[in-house]
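A.B. asks: Throw the hints in and build the complete structure from the sequences for me.
Residue numbers (the numbering used here), protein chains in the order written: chain A, 5 to 335; chain B, 5 to 335; chain C, 5 to 335; chain D, 5 to 335.
Rather than coming from a laboratory, the hints here were simulated on the basis of the structure.
Any given hint could be a false lead.
No distinction is drawn between identical chains; accordingly, a pair holds when it is met within one copy or between any pair of copies.
Stated by the list, open to error - Simulated pairs of lysine to any residue, SDA-like, Cα-Cα distance not exceeding 25 Å:
1) 292 - 304
2) 144 - 284
3) 51 - 185
4) 88 - 275
5) 88 - 171
6) 144 - 285
7) 62 - 136
8) 144 - 239
9) 101 - 165
10) 62 - 250
11) 9 - 133
12) 144 - 236
13) 9 - 85
14) 144 - 40
15) 292 - 33
16) 186 - 122
17) 144 - 33
18) 62 - 6
19) 62 - 290
20) 109 - 279
21) 292 - 134
22) 88 - 10
23) 88 - 141
24) 62 - 276
25) 9 - 121
26) 70 - 240
Protein chains: 4
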Amino acid sequence: MALIKHNWNLPFNIIRCSHVECTVKDLDESRRFYVDIMGMIETERTKDTLYLRCLEEKNHHSYVLKQGEKSEVLALGFKVAFDKDLDLLHKHFTDLKLPADWVTKHGEERTLAVRTPMGIPVEFHARQTRVPTMMREFSKYKGLSPLRFDHINCFTPNCQSTYEFFVQELGFRLTEYTLTEKGDMWAAWTHRKGNVHDMAMTNGKGPRLHHTGIWTAGVNNIIHLLDVMASEGYVENIERGPGRHGISNAFFLYILDPDGHRLEPFTCDYLTVDPDWEPLGWDLRDPKRQTLWGAPAPQSWFEHGSTFRGVEVRESDIDSNPIIGQYEDHA
Amino acid sequence: MALIKHNWNLPFNIIRCSHVECTVKDLDESRRFYVDIMGMIETERTKDTLYLRCLEEKNHHSYVLKQGEKSEVLALGFKVAFDKDLDLLHKHFTDLKLPADWVTKHGEERTLAVRTPMGIPVEFHARQTRVPTMMREFSKYKGLSPLRFDHINCFTPNCQSTYEFFVQELGFRLTEYTLTEKGDMWAAWTHRKGNVHDMAMTNGKGPRLHHTGIWTAGVNNIIHLLDVMASEGYVENIERGPGRHGISNAFFLYILDPDGHRLEPFTCDYLTVDPDWEPLGWDLRDPKRQTLWGAPAPQSWFEHGSTFRGVEVRESDIDSNPIIGQYEDHA
Amino acid sequence: MALIKHNWNLPFNIIRCSHVECTVKDLDESRRFYVDIMGMIETERTKDTLYLRCLEEKNHHSYVLKQGEKSEVLALGFKVAFDKDLDLLHKHFTDLKLPADWVTKHGEERTLAVRTPMGIPVEFHARQTRVPTMMREFSKYKGLSPLRFDHINCFTPNCQSTYEFFVQELGFRLTEYTLTEKGDMWAAWTHRKGNVHDMAMTNGKGPRLHHTGIWTAGVNNIIHLLDVMASEGYVENIERGPGRHGISNAFFLYILDPDGHRLEPFTCDYLTVDPDWEPLGWDLRDPKRQTLWGAPAPQSWFEHGSTFRGVEVRESDIDSNPIIGQYEDHA
Amino acid sequence: MALIKHNWNLPFNIIRCSHVECTVKDLDESRRFYVDIMGMIETERTKDTLYLRCLEEKNHHSYVLKQGEKSEVLALGFKVAFDKDLDLLHKHFTDLKLPADWVTKHGEERTLAVRTPMGIPVEFHARQTRVPTMMREFSKYKGLSPLRFDHINCFTPNCQSTYEFFVQELGFRLTEYTLTEKGDMWAAWTHRKGNVHDMAMTNGKGPRLHHTGIWTAGVNNIIHLLDVMASEGYVENIERGPGRHGISNAFFLYILDPDGHRLEPFTCDYLTVDPDWEPLGWDLRDPKRQTLWGAPAPQSWFEHGSTFRGVEVRESDIDSNPIIGQYEDHA
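C.D. replies: Here you go:
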């Protein structure tokens with residue numbers, strides 16, 4: 005049986021997903037894409053690292069881009085409520101016999117680096133250096149006018165077990181999902197902060213990062229980003245959309261940064277703070293699930309993802325293949 | 005000293021504000037305004053009561069309109085996490101020697117009716133009857149295309165003490181505020197669900213309800229509501245806006261229902277789930293506070309409010325008068 | 005040489021394209037699509053004909069849908085300035101040895117039915133019955149909130165000669181175009197009313213109607229139509245988009261009515277009233293031409309069109325094939 | 005009788021209003037306002053003059069700002085179809101015994117400077133220097149994202165006679181109007197290019213320029229301009245709106261440049277190319293006329309205007325006073 009009960013009894017409190025840290029091959033290229041085109045704010049640039057945030061954000065970084073030979077993901081960042089939660093999480097992962105180490109991260113007070121059973125590198129922190137919000141500096145709004153980092157979406161070779169880990173061991177709550185014909189989880193959207201997701205996972209070759217999501221205030225901001233990308237030579241970086249997801253109700257766009265890391269600018273999901281919110285199940289064969297308006301996603305969207313440094317990628321354990329099915333629906 | 009620390013140690017968990025219950029003089033008139041013009045969904049109509057909800061909502065009601073001789077507010081509704089929280093709140097209010105009674109409300113499992121020290125009638129519940137969300141039924145979107153009930157704003161004759169009660173005794177967290185010259189709280193925005201507010205309070209003749217806020221997906225929905233109201237004979241019900249608040253960053257509109265109950269359709273505030281979020285203080289003399297774009301609010305917006313049934317309205321205890329000040333700024 | 009000079013010396017004055025008349029298999033189905041989903045206004049319904057107009061329009065019809073066994077186009081309608089222009093056009097077509105007959109059309113004072121050399125059935129009128137504009141009746145805005153009929157786009161087996169006819173003999177002015185490698189016109193956008201086009205023509209199997217264009221006020225109206233179509237069972241009728249055309253700068257969508265007649269809801273083109281406006285030429289290999297954002301049009305968009313009743317369809321005279329080229333670009 | 009017939013028999017062809025030339029006290033200040041805040045394109049800057057255009061425009065200038073001691077308007081610019089129209093207009097004005105002189109204007113081939121009977125300085129040209137459109141350079145869109153110069157609105161001490169001059173002697177066509185109780189023209193909207201107006205005139209102390217109008221693609225662009233103005237210190241330059249006009253159906257905003265020249269960014273009017281378009285008359289007492297949503301315009305909007313250099317301003321000849329009436333309606 006795929007659906008499990010929510011775990012309300014964990015002693016620590018993960019507040020939300022907060023950032024991603026990845027490598028890029030050319031910091032100047034990345035700066036042009038994230039700052040000049042997308043409209044993010046550069047908090048700080050060191051010799052080999054670019055710290056970026058969105059317009060609304062008061063924390064030091066939501067994107068950490070490090071100069072590297074290969075394009076990889078170094079860590080997925082989550083914020084906890086209080087400093088003590090870091091210690092509780094350290095004990096929790098250690099008890100689970102999972103890696104858990106204290107590391108030093110620029111712009112964060114204390115950082116706990118762990119691995120999920122699937123090998124995904126996750127980092128927890130309670131406090132980042134405070135920086136000014138640019139939310140009321142409207143002349144800085146450009147490109148997407150990105151307001152805040154919203155969610156993380158990963159491929160996993162076993163969605164059922166990854167879903168169970170995030171719900172049972174970390175306290176995430178399920179909002180939407182699709183099951184395979186055999187009743188296993190095919191894709192799951194789970195949250196901590198009260199909207200559709202902080203962490204989503206889909207079956208597939210993994211673990212790999214599928215994309216990070218960025219909230220903007222309205223449909224027009226996404227259309228404007230498309231126009232800017234097209235006129236500035238980034239047509240090839242537009243992968244899918246714009247469109248409306250059945251899942252999450254979001255108006256979305258998928259784009260690729262110069263290193264192939266995928267981003268999802270979106271607007272409009274919904275509130276899920278009620279503990280009695282019933283997760284919404286989708287039939288894998290329902291074409292509205294992926295795109296309410298019917299246009300199929302390109303093959304690359306199902307296949308491409310960013311690898312995690314030093315983490316082996318393996319094929320999915322699940323034998324059904326909904327992707328083929330979906331393509332057939334649209335053929 | 006006006007600012008107090010947040011209270012993280014309360015045993016119960018209030019999730020969010022959920023609804024308002026008030027009297028209206030003509031249910032058909034109210035139905036025309038809320039359903040035909042604003043676009044709310046009628047969940048149920050009994051002989052003397054109209055139960056309404058917004059498009060996204062799966063709960064039985066966010067507006068309960070009861071036929072009555074006078075336009076009054078009967079209760080402000082809040083949702084708690086679990087059924088046991090109701091018992092804990094019953095004990096909490098009883099210990100505080102405040103009224104706390106179990107009442108029967110259609111569409112709710114158990115309902116606890118209490119009074120704040122100021123006399124505001126508040127009702128808590130853990131579960132409402134589940135009804136279908138209309139979020140994906142886009143042909144039902146009209147008027148404002150209201151997505152969800154968002155917040156409550158009240159006049160109180162002593163904002164400092166009301167603010168302290170909601171923070172210390174109920175666990176609300178401060179996001180934005182203005183102080184009087186003497187350092188007392190003049191207006192406070194406090195939340196539970198992770199955006200700018202569930203409950204705001206402003207100094208003034210009270211206690212009275214100033215308005216309830218309704219979230220919509222974008223600027224265009226608010227402009228369309230204005231156009232619809234104008235062409236359907238509701239020009240007089242448009243009180244203030246559209247505009248951009250400095251406070252909360254919301255794009256807002258204030259309208260009056262046929263009984264004078266004020267509503268604030270708005271879009272775009274921000275995320276406040278971080279426990280280390282620092283409340284933003286505004287200078288009472290800063291004109292951007294009320295309206296970023298400078299247009300003064302009409303006198304009625306400062307003076308008019310809905311009374312609570314059976315609750316005496318008294319003058320503000322605070323002797324400074326920022327309203328005059330603001331008007332002078334714009335003269 | 006493909007480009008010819010504009011003809012400023014014609015004695016008559018065609019004001020704009022005004023309407024299309026076509027057959028549909030089920031008037032009730034068509035009414036549901038055009039009125040309930042798209043939001044057009046029903047001016048009148050007779051036993052076998054539905055007369056529709058857009059919200060802004062004060063004339064009797066911009067879409068005339070007649071019950072028929074087959075889905076065909078009966079006529080493309082154009083409005084002339086004055087009644088005398090009809091007589092001048094009658095003489096003009098007769099002098100050119102082209103069919104020109106006076107016919108009776110419900111809702112029009114006098115109607116002149118002609119054929120272009122390619123066989124396209126065109127009807128001219130100077131006056132339609134006046135009906136009220138719904139532009140200020142905002143509660144009638146729904147679906148697309150269609151404001152006005154904007155343009156006609158046809159396949160023609162010889163774009164060069166069709167283009168020359170509309171420019172030399174009817175006074176249309178070229179705004180944008182693409183040429184084949186041999187320098188012949190591949191596609192041409194020509195206007196009378198002062199925006200990008202009243203009549204566009206593209207090389208291909210024809211003559212056939214490719215689509216009619218409908219103006220709406222903003223991006224959000226097109227997104228809302230997509231959401232409504234998706235939730236009301238019209239996903240299969242969404243053919244292409246939304247997107248931004250390089251050509252015309254329009255934000256567009258292509259949809260098919262229940263009989264396969266294609267419609268293009270769009271917003272935002274530009275003013276072309278200046279006589280010294282220089283037509284903009286596009287390279288057929290420029291992918292921004294069709295879609296600024298890079299997504300290729302589906303094969304159906306290049307191939308499907310509505311036939312004109314009684315007009316033989318023949319293959320294009322032009323031997324180059326830019327469609328293949330474009331597909332290769334995107335493969 | 006206030007309404008006169010349109011004059012279809014003039015030998016020349018005025019295409020549209022094209023630009024305004026005025027003096028400003030500080031070119032750097034003006035550049036900051038028009039270019040940095042509003043988002044216009046600087047075509048050229050000479051020692052004492054700034055030539056600006058909007059994003060869509062291919063002509064050299066739509067705003068000519070000249071360094072001067074006083075803030076004045078030097079000329080209202082209109083474009084004619086062909087060079088010969090300039091000669092025909094020269095003869096026309098000379099025959100009418102009105103001033104008509106050939107002048108030299110940077111960026112224009114030939115320029116004819118005339119005076120209307122009321123003394124308004126008007127300049128006609130057929131060709132400006134061609135410059136590139138920025139319409140497809142979306143990264144240049146900012147502030148208002150102004151697409152094109154749209155219209156001119158003037159105070160005149162005798163609206164009836166000014167209206168008659170523009171219609172009878174220059175071929176403008178009436179689209180909307182309001183009459184005084186005695187049946188004289190109080191305000192008139194007249195066009196050449198096929199939308200609501202190129203030239204509007206309102207009774208009042210004059211002649212003076214009330215405002216120039218600028219077209220933008222959507223509501224969101226106007227909201228963004230407001231946010232940018234507010235956050236960049238231009239709150240005092242926001243005079244009225246945003247709102248919806250009954251007249252013209254435009255979504256509007258009125259702002260003042262640093263010298264007090266008024267601008268109206270707006271979006272969405274309608275097509276008026278049909279010769280049988282019937283002008284829409286408004287009752288002066290209809291509050292929807294000015295603002296569909298009911299908010300009264302501030303006193304300054306009725307009183308303030310830019311004077312024309314060397315042209316005496318006199319009181320209105322009309323004795324009725326609709327402004328008082330309107331204010332009473334809203335008191």
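A.B. asks: Decide, hint by hint, whether the structure agrees.
C.D. replies: Verification of the hints:
1. 292 - 304: both (19 Å within a copy, 21 Å between copies)
2. 144 - 284: Intra 38 Å, inter 20 Å, cutoff 25 Å: inter-copy only.
3. 51 - 185: This pair counts as neither: shortest intra-copy Cα distance 51 Å, inter-copy 47 Å.
4. 88 - 275: between (28 Å within a copy, 23 Å between copies)
5. 88 - 171: both (21 Å within a copy, 23 Å between copies)
6. 144 - 285: Answer is between; shortest inter-copy Cα gap is 22 Å, intra-copy 40 Å.
7. 62 - 136: within (5 Å within a copy, 37 Å between copies)
8. 144 - 239: both (24 Å within a copy, 17 Å between copies)
9. 101 - 165: Result: close within a single copy only, 16 Å intra versus 50 Å inter.
10. 62 - 250: Answer is between: at 17 Å across copies they meet the 25 Å cutoff, but 32 Å inside does not.
11. 9 - 133: This pair counts as between: shortest inter-copy Cα distance 21 Å, intra-copy 36 Å.
12. 144 - 236: For residue 144 and residue 236, the Cα distance is within 25 Å both inside one copy (19 Å) and across copies (10 Å).
13. 9 - 85: Both: 23 Å inside a chain and 16 Å across chains, each within 25 Å.
14. 144 - 40: The answer is both: 11 Å in one copy and 12 Å across copies each meet 25 Å.
15. 292 - 33: between (36 Å within a copy, 23 Å between copies)
16. 186 - 122: within (22 Å within a copy, 57 Å between copies)
17. 144 - 33: Intra 20 Å, inter 20 Å, cutoff 25 Å: intra and inter.
18. 62 - 6: Answer is between; shortest inter-copy Cα gap is 24 Å, intra-copy 38 Å.
19. 62 - 290: between (40 Å within a copy, 22 Å between copies)
20. 109 - 279: between (34 Å within a copy, 20 Å between copies)
21. 292 - 134: between (41 Å within a copy, 24 Å between copies)
22. 88 - 10: For residue 88 and residue 10, the Cα distance is within 25 Å both inside one copy (23 Å) and across copies (17 Å).
23. 88 - 141: Result: close neither inside a copy nor across copies, 35 Å intra and 45 Å inter.
24. 62 - 276: Close inside one copy (24 Å) and across copies (11 Å); limit 25 Å.
25. 9 - 121: within (20 Å within a copy, 39 Å between copies)
26. 70 - 240: Intra 23 Å, inter 44 Å, cutoff 25 Å: intra-copy only.
Checked against the numbered hints above, the structure breaks hints 3, 23 and satisfies the rest.
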